[in-house]
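Those sequence lines, one after another, are chains W and D. Quick note, in this note's numbering, the first sequence goes up one by one and the last residue is 241. Quick note, in this note's numbering, the second sequence goes up one by one and the last residue is 241.
Errors might be hidden in some of the hints.
[Stated by the list, open to error] Simulated crosslink set (EDC-like; lysine to aspartate or glutamate; CA at most 20 Å straight-line):
no., chain 1, residue 1, chain 2, residue 2
1, D, Lys-56, D, Asp-119
2, W, Lys-211, D, Asp-123
3, W, Lys-236, D, Asp-119
4, D, Lys-211, W, Glu-82
5, W, Lys-236, D, Glu-84
6, D, Lys-109, D, Glu-60
7, W, Lys-56, W, Asp-176
8, D, Lys-194, W, Glu-188
9, D, Lys-236, W, Glu-188
Everything labelled a hint here was simulated from the structure, so no lab data went into it.
Protein chains: 2
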Amino acid sequence: MRNRFDEQLESLNNSLIRMGALCESAIANATKALLEGDRTLAGRAIEADSEIDQAEREVESLCLKLLLQQQPVARDLRQISSALKMITDMERIGDQASDISEMVMSVELDPAAHAIHIGDMARATIGMVTDSIDAYVRRDLALARRVIEADDVVDNLFLTVKSELLAGLKINPAEGEAPLDLLMIAKYYERIGDHATNIAEWVEFSITGVHKGELLG
Amino acid sequence: MRNRFDEQLESLNNSLIRMGALCESAIANATKALLEGDRTLAGRAIEADSEIDQAEREVESLCLKLLLQQQPVARDLRQISSALKMITDMERIGDQASDISEMVMSVELDPAAHAIHIGDMARATIGMVTDSIDAYVRRDLALARRVIEADDVVDNLFLTVKSELLAGLKINPAEGEAPLDLLMIAKYYERIGDHATNIAEWVEFSITGVHKGELLG
Numbered sequence: 025m026r027n028r029f030d031e032q033l034e035s036l037n038n039s040l041i042r043m044g045a046l047c048e049s050a051i052a053n054a055t056k057a058l059l060e061g062d063r064t065l066a067g068r069a070i071e072a073d074s075e076i077d078q079a080e081r082e083v084e085s086l087c088l089k090l091l092l093q094q095q096p097v098a099r100d101l102r103q104i105s106s107a108l109k110m111i112t113d114m115e116r117i118g119d120q121a122s123d124i125s126e127m128v129m130s131v132e133l134d135p136a137a138h139a140i141h142i143g144d145m146a147r148a149t150i151g152m153v154t155d156s157i158d159a160y161v162r163r164d165l166a167l168a169r170r171v172i173e174a175d176d177v178v179d180n181l182f183l184t185v186k187s188e189l190l191a192g193l194k195i196n197p198a199e200g201e202a203p204l205d206l207l208m209i210a211k212y213y214e215r216i217g218d219h220a221t222n223i224a225e226w227v228e229f230s231i232t233g234v235h236k237g238e239l240l241g
Numbered sequence: 025m026r027n028r029f030d031e032q033l034e035s036l037n038n039s040l041i042r043m044g045a046l047c048e049s050a051i052a053n054a055t056k057a058l059l060e061g062d063r064t065l066a067g068r069a070i071e072a073d074s075e076i077d078q079a080e081r082e083v084e085s086l087c088l089k090l091l092l093q094q095q096p097v098a099r100d101l102r103q104i105s106s107a108l109k110m111i112t113d114m115e116r117i118g119d120q121a122s123d124i125s126e127m128v129m130s131v132e133l134d135p136a137a138h139a140i141h142i143g144d145m146a147r148a149t150i151g152m153v154t155d156s157i158d159a160y161v162r163r164d165l166a167l168a169r170r171v172i173e174a175d176d177v178v179d180n181l182f183l184t185v186k187s188e189l190l191a192g193l194k195i196n197p198a199e200g201e202a203p204l205d206l207l208m209i210a211k212y213y214e215r216i217g218d219h220a221t222n223i224a225e226w227v228e229f230s231i232t233g234v235h236k237g238e239l240l241g
């Protein structure tokens, strides 16, 4: 019985790692599409979104099956309930990579012309996503905590990008639409950073039993 | 055993209804704060966010307890797993009501001066949230489906508001910051509409066993 359970847990782990890899690739493609105006990559990030949704359902039903059949306790229960929550954040990262890509598909954007720091913001956010998933894979508490701290960097970059867009609008108001679209894209990155933070907080919980400083289980 | 389970399900139901009421009140307060510039109400919506977070944790642990202790099947299992997903969307609605309120607190905004339709958008979104929760409470499939359809109305109002903001920016570029902040607020409303749609889709699933047109379990 116990061996079967360990196998199922390992299979859950592998599914989560695959889902994480899909998210990393979606956000990397969306970002390359944005910065280089590459619509093929944008299309790929949009396609990845339904694969990520599918992966979410698989992990979800695996988690529910494990909860129902095995009645896990303590650390195992924490791991499964963390997985159930993490996939919601991963799925939103997929949504947002797809939202960014749809904007790249629908309008001509030259991000660097309007906000120099949008590339930095994108790279910082990708770093958070990659690290949050690595922290899960390696059960690396220190890395999870670095992700949580990195969220402030992304939040500050958002304010920088917003100021850059605003300054550009004052100089050239006729170019109104691109700055508005880029502001929305910057907001998507900021949200992706929030989701990576949530993932890192669930990693912390699954290791320590403490979630956002509060003892949960 | 069965009676105890029914009691627990009813208690879960009541907790979800309370959490839904908190969300409705948070978004209503945030909107009144925005449209009338009332910072007291904005403060109340921000406070409600932590109550909503607390409610999410309570419902979550109740759901996990029910799954573990009772091993429900069929309709009961659907109801509990739907609850587990719905609360994530409710919690995000609370976050976004709080995000809107924080913008009301930090800057002077006169929404009607920049985008006439932002009030309509807010009202349409509140309607979706209220209806999605009512659909859950009354197990009303037709109402859940109306919520899912209403999402297009909110999406179109977002585009209208964006055009209004853009037109205003071209006439008066010096007023750059307020339109950018209002665009972000409009985006929050659009996202709240997405979350209400998700809730309605889970209501549909808990009644029919079909999620977004796909048979899940």
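Against the structure, the hints come out as follows:
For the suggested pair Lys-56/D and Asp-119/D, the alpha carbons sit about 17 Å apart, so the restraint of at most 20 Å is met. The hinted pair formed by Lys-211/W and Asp-123/D meets the criterion: a straight-line CA distance of about 12 Å does not exceed 20 Å. Under the criterion of a C-alpha separation no larger than 20 Å, the hint pairing Lys-236/W with Asp-119/D is consistent with the structure, at around 16 Å. Proposed proximity of Lys-211/D and Glu-82/W is contradicted: the alpha carbons are some 30 Å apart, above 20 Å.
Annotation: proposed proximity of Lys-236/W to Glu-84/D holds, straight-line Cα distance about 16 Å (limit 20 Å). At most 20 Å may separate the alpha-carbon atoms for a hinted pair to count; Lys-109/D and Glu-60/D exceed this at roughly 34 Å. Distance hint between Lys-56/W and Asp-176/W is unfulfilled; the C-alpha atoms sit about 23 Å from each other, more than 20 Å. The hinted pair formed by Lys-194/D and Glu-188/W meets the criterion: a straight-line CA distance of about 17 Å does not exceed 20 Å.
A threshold of 20 Å between alpha carbons decides the hint, and for Lys-236/D with Glu-188/W the separation of about 40 Å lies outside it, so the pair is violated.
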